[in-house]
Structure formats: structure tokens, C-alpha cells
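Residue numbers (the numbering used here), protein chains in the order written: chain P, 8 to 171; chain C, -6 to 193; chain L, 9 to 688.
Keep in mind the hints are simulated off the structure, nothing from the lab.
Hints may contain errors.
[To be verified] Using 30 Å as the maximum straight-line C-alpha spacing, the simulated DSBU-like pairs for lysine-lysine come out as follows:
1. LYS391(L) to LYS118(C)
2. LYS118(C) to LYS59(P)
3. LYS531(L) to LYS101(C)
4. LYS207(L) to LYS118(C)
5. LYS50(C) to LYS586(L)
6. LYS207(L) to LYS59(P)
7. LYS528(L) to LYS586(L)
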Amino acid sequence: MIIEAVMAGVIGLALLWLVAQPMLFPSALVAEPFEPPDPEETPRGQALLALKEIEFDRATGKLSDADFSTLHDKYSAVAIAVLESGGGPAAGGDVIEALITTRATRIPGPRCLTHGTSGAPDARFCPTCGAGLLSATDTCLGCGVIVPGDAVFCPGCGVRVKAA
Amino acid sequence: MTSSRRDFLQYAALGVLPMLWQGGAPQDTTKKPGGGVTPDRLGEPMLGGRLVDSTDKWDNDAGIIAIEQRLRCRCGCMLDVYTCRTTDFTCTYSPTMHREVIALVVAKKTPEQVIQAFIASDGEKVLMAPRASGFNIAGYIVPGVAVTVIGLVLAAYLSRRRTVAIAVGAGAVPGAPAPVSGPDQEQLDRLKRALDEVES
Amino acid sequence: MTLLGSFALWAAFLLGCWSAGLSFFGNWRENPATALAVRRGVYAVCAALLVATLSLWKGIFSHDFNIEYVWAYTSRNLPEYYLISAFWAGQKGSMLFWAVVLSIFAALAQALTSQRHKDLLPYVAGVTNLVVIFFVGVMLFAHHSNPFERMAVTPPDGNGLNPQLQNPGMVMHPPMLYLGYISITIPFAFGIAAMLAGKLDAGWIIAMRKWALASWIFLSVGITLGMWWAYVELGWGGVWAWDPVENASLHPWLVLTAFLHSVMIQEKRGMLKRWNMGLVVGAFLLSIFGTFITRSGVISSVHSFTQSDIGYYFLAFLLVSAILSFTLLYTRWPSLEAEVQLESLVSRESAFLFNNLALVGIAFSVLWGTLFPIVSEAVRGTKISVGPPFFNRVNVPLGLLLLFLTGVGPLIAWRKASMANLQRQFILPTAGFVLTAAVLLVAGLRSFYALMSLALAGFVMVTIVQEFQRGVRARMSMYQENIFLALVHLVERNRRRYGGYIVHVGIVIYFVAFTGLAFKTEKSVDLTPGETATIHSPFGYDYTLTARGVSQYVMLNRKVTAATLAVTRNGKRIGDIKSEKRQHMDSFGNDTFEPSTEVGIISDLREDLYVVYAGSIDGTERAHFTFHVNPMVSWFWIGGAILTLGGILAMWPGGPQVRTRRRRSAAQAGYSVPLAGVAE
């Protein structure tokens, strides 16, 4: 009975620690590695795969030549539009570049907790209030530690991250 | 050679397993077929549940089986009388219903009259499936009618939609600008390079 | 270990509540620490429930009969492997099983899903946690539902496990089906999360599609094992009786099958977003409805051994989930507008729409039949029964429509096809249909439905073969590959499509097996040892069975009365067949449960000889037997295996759709980006 109670206590404390630890010690957080989207999730991948599929369907005899040319023209136009709009000079390059492009469009630049995204991509401090800027993943640009949402100072290097 | 329950349990407790007792082993394989031999008694006749009746000509009678397959056993097993009496040998209801059916057939009732007699005594729930009459027709036709109607509506909607789609010329990607003029050679080359890098 | 077990249940409940609250009301969008805390909450609930599970197993394996559950479902002489299955044999244990498995799935969903879906994952955690705490809450608060409940006295031996559950099929069938039911929660949670987060593109579908496929495989395996169990254990020589509980497992399977097809349209075309959301919510609600049917006993069923008063908790949960989900769907309705419109009525997309209609139509029809006794009684005031004749009459035509569409879909191109071209695609499959029908007519088959079913099976098989053949040929000409490489690449580069076709093969085999079973023959006879009976099979064989006698003996936990028969087929001896009556007993030799019957089966690819020892006549060795010859039954198990393999192939990880030849450039440029699922 006592052994069971002790086990229950130990397990209970371990579980509590497991859930409370990230909130008690946010500085120990490690930023998640970036994972690229599936090609099917990107307009570029979708457009290219659609064209490939149309070619394959013609090769297996499912698409008549007339249907193929209609669809091919239409989806080529779509794919070109995607390459033009999303790719910039790198478009037509490889998947990695496309991924980075996609990612880059999603990442806001360095931002101030009070005044939002502002300034040049390489800025370290907010041009409005002078507070330290955070990356998109909420890490302090000064020391790389994750800054909790309600913090006024960075828990890693102590720089002010919110306007006084 | 005794086979009292106590001995039986002693053997069991001693771990003499499997313990054959009484003349139960698959003996007498040399017996000639159709032998007319008096069968030996089992050591514990009641071990396999209740004793069963001998088969008679009615047990395999196609007419009787056809009737019984339309009637649900009263035991609550969800099975028809025929399946229940040939499956759940602990059930005492299905043999009784079997005899009732035989009695009615012997009394020169038609299958329909037999069924009616059961409905009269047990109510409609004795039927394995409700008669397709009155409200119960709905039970049979609602799914089929629903699928047919929705299918027709869907086909009509899609063929109407098709004309709209052709008129509009929808793109696969939201926000992708519809090409005004054909793509130039440089664009086509770029597309080709991109496609070449997709292995499929 | 009941103290630890109960403590673990409470810990899971409280941690689950806290974590769910944090995921719905926490500031995890701004604060990654909160998001991590939510995820850790899921892991912690899982850990707590694993502790509870181990505690219950400890009780079961140490024969602690003071625990009511252990007493009710095990005994000292129960074979060890059935001690494992005793965990889910009863309602309390199966509630814990459900909760722990769901928590494991929820933890896996958090751990395995890419962090690029981090806008969804905390909501997914919230939904899964709510479902887990419902189950744990029922165990903790419903009357007589805690698996760790102790009794005032300790009986010397347990009640034992229901003999019908003492079967290898029953060790696997319930957990597989449960895994199917339970794992539906994950796709459902992703759907709800997408609606809550307002991210209604195909992202949530890509994040959860393997989960949907996994649940579908679990359900398929569970249903097939259930059929096997019914066949070998229940003794009526059939596999499917349209029992309400069987039907309840079919509903989510059908809806999930429809979902697996229609999500492809959303992924490729951005269409059917509302429909897909509706299907995934529907599949989840139907899985809960199945549990409600099984547990509540509102509809009588052969599975009545699972009945209890907790059914109404499920009804309440079902209603609350339905109201919340559909309200959410209603509020997101405008954002679920399709991105494009259908290009052609003749296209794979529209074929999939009709396939969805057929699948959902059958699901509705089965549900309608299951509930029709209640409807009819409400309208007419008279009780009626709805049995297999009803279901067959209503569903066989719909099933044939579905089989036909199974063949049609693959023949049509995505986006657009023209009639003239389609005709060319249909030549060989139609020839397959006509040829099969002609051969069967010549062979003397006159049943319309059987003829249609088998001829359509021929049609679908030809379409599948044609798909593989043309795909290989296309690859050979497009990429200059040899035939083997082309086949390997064809399947490898599009595992979902070709895995799907293999699933179709399994489905076709199922249809053939069901059709075959309609031709079973049966006969009841009495035999004294030495006497002989003959049964004629639908394939034209004569089986001669000679009674060899009845023996009685004792096994570990049962007393057996076994009847043995020698069997010849067309005069050639093929072996002995044995059918038993079993009286189970506890370790003191006291009888437990009613006597049960074990059938004897000699099986080959054509047909099964299936023998049931019905009982003794006048207490002698003269025995009453029922003989069945069941055509094509082996094909159920073969079809089930093929279907499962196809499903596994479709979800096998790493099937690349896009590769880059310049993948080294990442390293050259001095940075590295993980490319899981893309480059490799």
C-alpha cells in the first residue's frame, strides 16, 4: 500500500514536471527545426504535378489529343504564372530554393513586441521604441533565447523587448 | 470403469489430461457403415448441453426450411428459426417453433397461411423482414430512391456547372492571373526546366 | 495496484482538462512555451493512462480476484493469452483500452506531425484530450464503471471469460476494430483544428491523411476478423448477419472510404472542402454512435454481452459533439468555398462524386435499416424485425452500383475526358464483363444478382489490370525504362493510386466471396459411429462423412465432448473433421457459462466443409450433425489480406512524388534544410 502510494506520488510529480517545465523555464526551449512543406502544399508543386499527371494520362490513353492540348495549355499557363509570381530570379531552380522562397514569404521580418514588424531585415532594435527585436520564432535576436509572450526583458541577455 | 463426477474431477486435478473415460475414444473404426449397431452411452450425456431429437424427414425439407427462414426465433438471438435450430443447440424455442411449422404444414396449410398463423400469434416482429406494404415500403425504397434522386440532381448540377466553368475558365490556383496572351519562349523554357526537375 | 490505477485515472483526467483548457484558451499563438506545454499535456495524459493500464494488467495477471473486473472476466485456469484479451473483454476494461489507445494515438499525432502544422497541433491536442477525458470521466463518474473497483470479499476463483470470446479471432478482432474506431478521432481532430484555426486549405488533409488511411486499415482488418470469428465461432456457417453491431462498424468504414476518395479532389483541386469536413465529422460521430449502439442495448443484438447503462453517456457525448462540430462547420461555411470549379462532367472528379454518393448512400441505407424498427414502431405502433432478407434486398443493388463505379473511376482521367476517348478505355473491361457473364450463363448460373456481381467483378479486374499494363507501357515509352523497372517505379512513385487499385482487388474478391456464399448448402443428419452420410457441393463434389465416434475428455479449463468424422471427397480420403461441445469450468471444476459449440472445418480455395456437432441423441454416441458446404469462404480471408496489403502500400512512408536532381545544392550552399518527405 505504502509502496503504491509512493509510486503514485513519484509518477504524479514527474507528470506535473513534464507539463509545467516549459512554462516555468521557457528559456530552455529549443526552436523547432524548419520543415519544408510537401510539394503538394505549394502552388508551384501543385501546378507542376498537375502538368505531369496530364502528360501521364495522355500516355496511358486516358486523355485524347484534343483534351490534352486544352488541359496542357491551361495548366502550363497556370504553372508559368506561379513560377513568375512566386519564384523571382530563382524560380525554375530546384525545390530547395522554392521551399526557401515559400518559407521566406511566410516569415515576417524581425518584429517588436509593441510595434510589430518594422525596419530593415537586419535590424536588431525597434526604430520606434528602441526595444530589442524578436525573430519569427520569438527568439531574441541578441542572444537566441526564446522570449515568453508576457516578458518585458529577454530572459537570456536582459535586453528590453517591450516599450517601457 | 466408473465415471462418477468425483473421479472425473480427481483425474482432472491429477493432471491426467486429456483423460479419456468411458468408451469415448474414436474407437470401432472398423465398424461397417450402416451397421445397425446400438450406440454406446456417453459417460456424461449432459455435458454437451441438452439432448437433441432425432432427425426426421422434415428437418431437411426444403418447404419447411423456406418457411422457417422467414420467421424469427423467439429466443432473441436475431436469427431465423432454421438458422437458430441448426446453430444454437442450447435454444429451446427454435425446436418448438420448428414443430409448430411442421404441424401447420401437416395440417395442409400453405406457406403463406403458416406465416399468417405466426403473425397472428406473435405479431409482425416474428417476420425476419417486414412485408413491403403500407408504411414499411418506405423501409425498402427510401435509400434507393434517395441515392437515385441525389444522383440525378448531381448529374444535372454538374452538367450545368460545366457550361459555367467553360465560360469562366477557372484556374487551378487561386489568384493566379489568367494569361492574356500566350506564354513567350523564355517562360516555356523555364517551365520545362522546372518540369524536368520533377521526377514522377 | 488499484490505488495506483485509480490515481493514474485521476491524473489523466486532471491533466487532460488542464491541457485541453490551455489549448482552447491559452496564448500559444504568441507563446511557444504554452504550445509546448499543451503538447506535453498530451504526453502526460498518455503516460498516466499507460500506468493505469499496467496496473489493471498487473491485477489480471496476479489473479487479484478482489478487483471486480478481474473476477468477472478471468479465472485461474484461463490460458495466458486470453488474460491479455481480458483487458478489453468487459466494458470497464474496454473503456480504459479506448482511452489509453486514443492517448497513444494523440501523442503520436503530436510527435509525428511536422511542425509546419504548428498552427493546428495545439487544437488537435485540445480535441483529442476532450475525447480522452470523456472516456476517463465515464470510468471515474459513471455508476459501476471504474475498472479498479474492489469488492468486499475476495472470491477464490474468477468467473472466467465468455467461451465465445476464447478464440484467437476474438483476441484480435475487438482491439483491431477499436483501433479503427479510436484512430478516427485523429483525422476528426485535425478537421476541427483546421476550422478553429481558420486554416482551411489542404494543409490539414495532408497532415492527417495517413491517419485516415490507418483507421481505414484498422477498421477493415477488424471487420474481417469479426467475420472470421463469426464464421468459426458462432456455428451458423455465415460471415455477416447484418447485426446492428456489425452494421455499426460498417458505417464509419463506408464514410471513411468515401472520405479517402474525396480528399484527393480537395488536395488536387481545392474542391469539396465542406463535404470533406462533413465526412470526417460524420465518420467520428458514427464511430461514437457504434459504441452507443453496442453499449446501450437500444437495438437488440448478438453482442448483448457488452450492454450496460453507460450507453446514455455516449448518447449525450454524441449529441454534444454533433452540435459543436456542425455549429463550427456552419460558422466556417463561407471560408470553405471551392477554389475552382469542375471542368467536366466526364472526369475522375465527378466519378469520385458518384462513388461518394454510392458509399454514403449505402452507409445511410444500413443506418436506415438499423433504425427502421424504431421508426416503424413510432409511426405504426407495431414492433417489427429487420433481418438479413431486408438488408440484402436494399443493399445488394447499391453494392453492385458501387462495384460498377469501382471499375469506372480508374478509367477516367482527372479534370476532363471526352466520350470518344472513354469508349476506347471501356472496350476491354466491357469485354471482361460480357465474357464472365457468358461463361457463367453457359455454366448454368441463373441468379440475376449473382451473375451481375460476378460479371462486374470481371469488369473491375480487367480495369485494374489494364491500369497497371497501360501505366507500365507509358513509363516504358516516357522514361525508356524496362518493364520491371517501369512497374516498380509506377507503384513506388504513386503509391496511393496503385495501392488503392490493390485495395480494389481485395474489394472485388470480397464481392465474389459474398456471391459464392449465397450458394451454400446444408443438411442435418444423425449418425451412429460407423454410419455414413453424403452431401453434394455446389461445385459438384460429393463429400462422404463417416462417424468415427464421440469422445469426452478434460482440457485445461473445459470438459470436451468431441465428435469425429472421416471425410472423403469423390471417394478420395481428405482427412478427419472434429466438432466439439465445450463445457467451461473454473479451477474447482464448477461449470461456468452455457455449453458452447466448436465447429470443424476443412477448407480449400473452392469451398469449406463445415461440420457442427449438434448434440447427443438419447445420451449415446449417436450424434446429431449439421453439415454445410460453403463455397468461396477462403476468399474472404484472402480478399481481406490483399485489401490490407494494398492499404499499407498506399500509406507506406517515403513515396516521393517530387524529387530534385540538384538536391546536393543545399549542402554546397553551406546550409541545411531537413527534407523529410520531399527529397528522399
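Restraint status (C-alpha distance of LYS207(L) to LYS59(P) at most 30 Å): Distance of about 28 Å is within 30 Å: holds.
Restraint check for LYS531(L) with LYS101(C), where alpha carbons must lie at most 30 Å apart: 24 Å, holds
Holds or violated: LYS528(L) to LYS586(L), with C-alpha atoms at most 30 Å apart: Satisfied, since the Cα-Cα distance of roughly 20 Å is no more than 30 Å.
Holds or violated: LYS391(L) to LYS118(C), with C-alpha atoms at most 30 Å apart: 5 Å, holds
Satisfaction of hint between LYS59(P) and LYS118(C), Cα-Cα up to 30 Å: Given that 30 Å is the threshold and the Cα spacing comes to 59 Å, the pair is violated.
Restraint status (C-alpha distance of LYS207(L) to LYS118(C) at most 30 Å): Roughly 51 Å between the alpha carbons, so the hint for LYS207(L) and LYS118(C) is violated.
30 Å Cα cutoff - pair LYS50(C), LYS586(L): 25 Å, holds
The structure is inconsistent with the numbered hints 2, 4, although it conforms to all the rest.
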